[in-house]
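**Student:** Here are the chains, one letter per residue:
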Amino acid sequence: MSTPVYIFKRILQALPLLFLISLMAFTMLKLSPIDPLAAMRANPSVSQAAIQAEEERLGLNKPAPVQYAIWLTSTLQGNLGVSTTGGSVAIRLMQHAGNTLLLNVVTLFFTWLIALPAGVYAAVHRGKFLDKLFGLITAIGMSMPTFLLAFLFLMFALATHWLPIGGMTSSDFAERDTLSQILDIAYHLIIPVCVLTFVSLAGIQRQVRSNLLDVLRADYVRSARAKGLSEEVVIYKHALRNAINPLITLLGFEFAGLLSGAALTEMVLAYPGLGRLTLEGVLTKDMNLVMASIMLGAVMLITGNLVADLLLKFTDPRITVE
Amino acid sequence: MVSSAAPQVSTPARVKADLKHTILSRMWKDKVARAALIGLFLLYFSALFADVLTPYGMEFNDPNVGNAPATLLHIHNDNGELCLPYVYPVKQENDPTTYRQTFSEIKTAKYPVKFLVKGESYKLLGLIPMDLHLFGVDSPARIYLLGADMNGRDNYSRLYFGAQKSLTIGFLGLFIAFPIGIFYGAMAGYIGGMADNLMMRFAEAVMSIPSFYLLIGLAAVLPLGMTSSQRFALITVILSFISWPGLARVIRGMVLSIREEEFVQAAKSVGMPEVTNIIKHVIPQTASYVVIAATLQVPNFILAESGLSLIGLGIQQPDASWGNMLKAAMDQPNELLSQPWLIAPGFLIFFTILCFNSIGDVLRDVLDPKLSGGR
Numbered sequence: 001m002s003t004p005v006y007i008f009k010r011i012l013q014a015l016p017l018l019f020l021i022s023l024m025a026f027t028m029l030k031l032s033p034i035d036p037l038a039a040m041r042a043n044p045s046v047s048q049a050a051i052q053a054e055e056e057r058l059g060l061n062k063p064a065p066v067q068y069a070i071w072l073t074s075t076l077q078g079n080l081g082v083s084t085t086g087g088s089v090a091i092r093l094m095q096h097a098g099n100t101l102l103l104n105v106v107t108l109f110f111t112w113l114i115a116l117p118a119g120v121y122a123a124v125h126r127g128k129f130l131d132k133l134f135g136l137i138t139a140i141g142m143s144m145p146t147f148l149l150a151f152l153f154l155m156f157a158l159a160t161h162w163l164p165i166g167g168m169t170s171s172d173f174a175e176r177d178t179l180s181q182i183l184d185i186a187y188h189l190i191i192p193v194c195v196l197t198f199v200s201l202a203g204i205q206r207q208v209r210s211n212l213l214d215v216l217r218a219d220y221v222r223s224a225r226a227k228g229l230s231e232e233v234v235i236y237k238h239a240l241r242n243a244i245n246p247l248i249t250l251l252g253f254e255f256a257g258l259l260s261g262a263a264l265t266e267m268v269l270a271y272p273g274l275g276r277l278t279l280e281g282v283l284t285k286d287m288n289l290v291m292a293s294i295m296l297g298a299v300m301l302i303t304g305n306l307v308a309d310l311l312l313k314f315t316d317p318r319i320t321v322e
Numbered sequence: 001m002v003s004s005a006a007p008q009v010s011t012p013a014r015v016k017a018d019l020k021h022t023i024l025s026r027m028w029k030d031k032v033a034r035a036a037l038i039g040l041f042l043l044y045f046s047a048l049f050a051d052v053l054t055p056y057g058m059e060f061n062d063p064n065v066g067n068a069p070a071t072l073l074h075i076h077n078d079n080g081e082l083c084l085p086y087v088y089p090v091k092q093e094n095d096p097t098t099y100r101q102t103f104s105e106i107k108t109a110k111y112p113v114k115f116l117v118k119g120e121s122y123k124l125l126g127l128i129p130m131d132l133h134l135f136g137v138d139s140p141a142r143i144y145l146l147g148a149d150m151n152g153r154d155n156y157s158r159l160y161f162g163a164q165k166s167l168t169i170g171f172l173g174l175f176i177a178f179p180i181g182i183f184y185g186a187m188a189g190y191i192g193g194m195a196d197n198l199m200m201r202f203a204e205a206v207m208s209i210p211s212f213y214l215l216i217g218l219a220a221v222l223p224l225g226m227t228s229s230q231r232f233a234l235i236t237v238i239l240s241f242i243s244w245p246g247l248a249r250v251i252r253g254m255v256l257s258i259r260e261e262e263f264v265q266a267a268k269s270v271g272m273p274e275v276t277n278i279i280k281h282v283i284p285q286t287a288s289y290v291v292i293a294a295t296l297q298v299p300n301f302i303l304a305e306s307g308l309s310l311i312g313l314g315i316q317q318p319d320a321s322w323g324n325m326l327k328a329a330m331d332q333p334n335e336l337l338s339q340p341w342l343i344a345p346g347f348l349i350f351f352t353i354l355c356f357n358s359i360g361d362v363l364r365d366v367l368d369p370k371l372s373g374g375r
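Listed in order, the protein sequences are those of chains A and B. Count the first sequence with our numbering and you get residues 1 to 322, in order. Count the second sequence with our numbering and you get residues 1 to 375, in order.
Just chain A, with the same shape it has in the complex (with noise of 0.2 Å):
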């Protein structure tokens, strides 16, 4: 099957599971007992006019299946509909996604840079005490929860000063220049990226490690080793090559988790992403945001796996997509 064939067919089969889950999404938003208005109602000087008009923009009023109908309808033709606090859904979520997006792609280039490396080494040294001690390190990593890790960096920055408590901006951001607001930025995001790449790195350099370590084992190493060709060129143009498919899986599975993956640390660290608007959507029952960053989240799930497959097939023609 040729490949955009087979792209075509993946998109056509996803169509049904993103309509199971916005059916999922939605019954499980209106199942919440949160009334998105109770702020209103409790206010005396709000009158009951005012409420119904909110509840006629936000369509509240209509019954639940109706209330599917019309934000699936909207959302085909690309309306998000608007939020609960008044705006266009579709622009706050860019934000926000926007800065988790930045937040994660940094993550991942450091991750990959450092766990690649690393992976190689601790194989190629197998045993010796850099191996060890990379061991040690991952395993520190697997168990240690974002939010731990969030909070001693949080630690540090304060005992020190040399680094921002939390946020993504300083206070007097919008009147830098634009080289300077870069740069605030990237002094921000040092905290969160330090945390998230060290999560992330244990379970990636483990996986290089023993990838390269069973293709080590292979015979057409020894063939190579036999032929006398030099320890770098049977490493990195024999082994590494073959060891890497597992690894754009593994790739695969981090850009689906480039929207969703964060969460927890974004909100621990104050920073302006996804995972905290989709929280308050969720608090606030504000059904357009939380739907959309729902179905977004899924859309990059599936994509990412889309992605990985593709370039399994990419790297190693051996692979054929049916």
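What the hints contain is simulated information worked out from the structure, not anything from laboratory work. There's no promise every hint is true.
Stated by the list, open to error - Derived DSSO-like pairs: lysine-lysine, alpha-carbon spacing no greater than 27 Å straight-line:
| # | chain 1 | residue 1 | chain 2 | residue 2 |
| --- | --- | --- | --- | --- |
| 1 | A | Lys128 | B | Lys29 |
| 2 | B | Lys29 | A | Lys132 |
| 3 | A | Lys237 | A | Lys132 |
| 4 | B | Lys91 | B | Lys114 |
| 5 | A | Lys132 | B | Lys31 |
| 6 | B | Lys31 | A | Lys128 |
| 7 | B | Lys268 | B | Lys280 |
Assemble the complex: chain A is given as a structure, and chain B must be docked to it using the hints.
**Tutor:** Chain B only, in chain A's frame:
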């Protein structure tokens, strides 16, 4: 040793017992696994006997010492000589200009730390009425080894009561999620065809919702005004709900290959009903994977519970859980340096997960050498 004259026959039961024996002894030989097993034993023991081991009950509060720092244990008397530990009561003062609370010791009378004292009454294991505490001091002095929270409750004691929630939720979750996951996966794999297809699409749909969003969405569904044990039970159900599909998918894959094995086909051909066949022949084959997956799944439950409670959707006050105790740290990050004990529950979560992961790793090496990946 007296041995029977007849040659030993290895009955299936015997083989099973031997296997169990070797698994446990091989784990015990591994230093890391042994340390982790001991660590977990201590944690669960502390949670089980929390009432005895702690000086105060979970809801005991002294509003006069809200946010008080850890009680100082003095071991020198007035002449500077070593003596049995004693404490002073503390007094709270508010600085009128900075609005900061300060605490100072009232050094008029010493209150020695007593062991096995009578204190608040409780029911040990929910059954035996008792009022004995491992240690404590006389009122009005307080022994708060890790300081007080904002309501004047003892953080140290609450860590033990929090452990009861946080540590059991992992296992309770397993008992719900695993039977569902295993049976669902086994059914889908065994029946095959259209039913398999539909069942797996549904599992995929659950898996395709980012788990944290699903978690907060489901937690928001919980009705307000439930009792704490109802809430605890429902949160366990929620955690199970997001974790069964992954297991079901793997089990299905395993069942697809197991059902082609001769012994399953043989049982089928002599007329064994399908459900019996699945339960008796197919599911037991997945046992070693399930055991490993279970060990590695407990940390996820613990993490999910603490994450939920941390953002205020999980276990609610006045109940303690490690997650909702950490909430204090999240709400007042600027106090982290002056009250570093606020993140103590985080370290306990870390330690618990480390133990489970270490045991899971060793268990994998022991049960399934194929999976160990050259370690």
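**Student:** Could you run down the list of hints and mark each one as holding or not?
**Tutor:** Each hint, compared with the structure:
1. A/Lys128 - B/Lys29: Holds, at about 22 Å.
2. B/Lys29 - A/Lys132: Holds, at roughly 19 Å.
3. A/Lys237 - A/Lys132: Cα-Cα ~26 Å, so holds.
4. B/Lys91 - B/Lys114: 22 Å, holds
5. A/Lys132 - B/Lys31: 15 Å, holds
6. B/Lys31 - A/Lys128: Judged against 27 Å, a Cα distance of about 19 Å means the pair holds.
7. B/Lys268 - B/Lys280: Holds, at about 12 Å.
Figure legend: structure checked against the earlier numbered hints; every hint is met.
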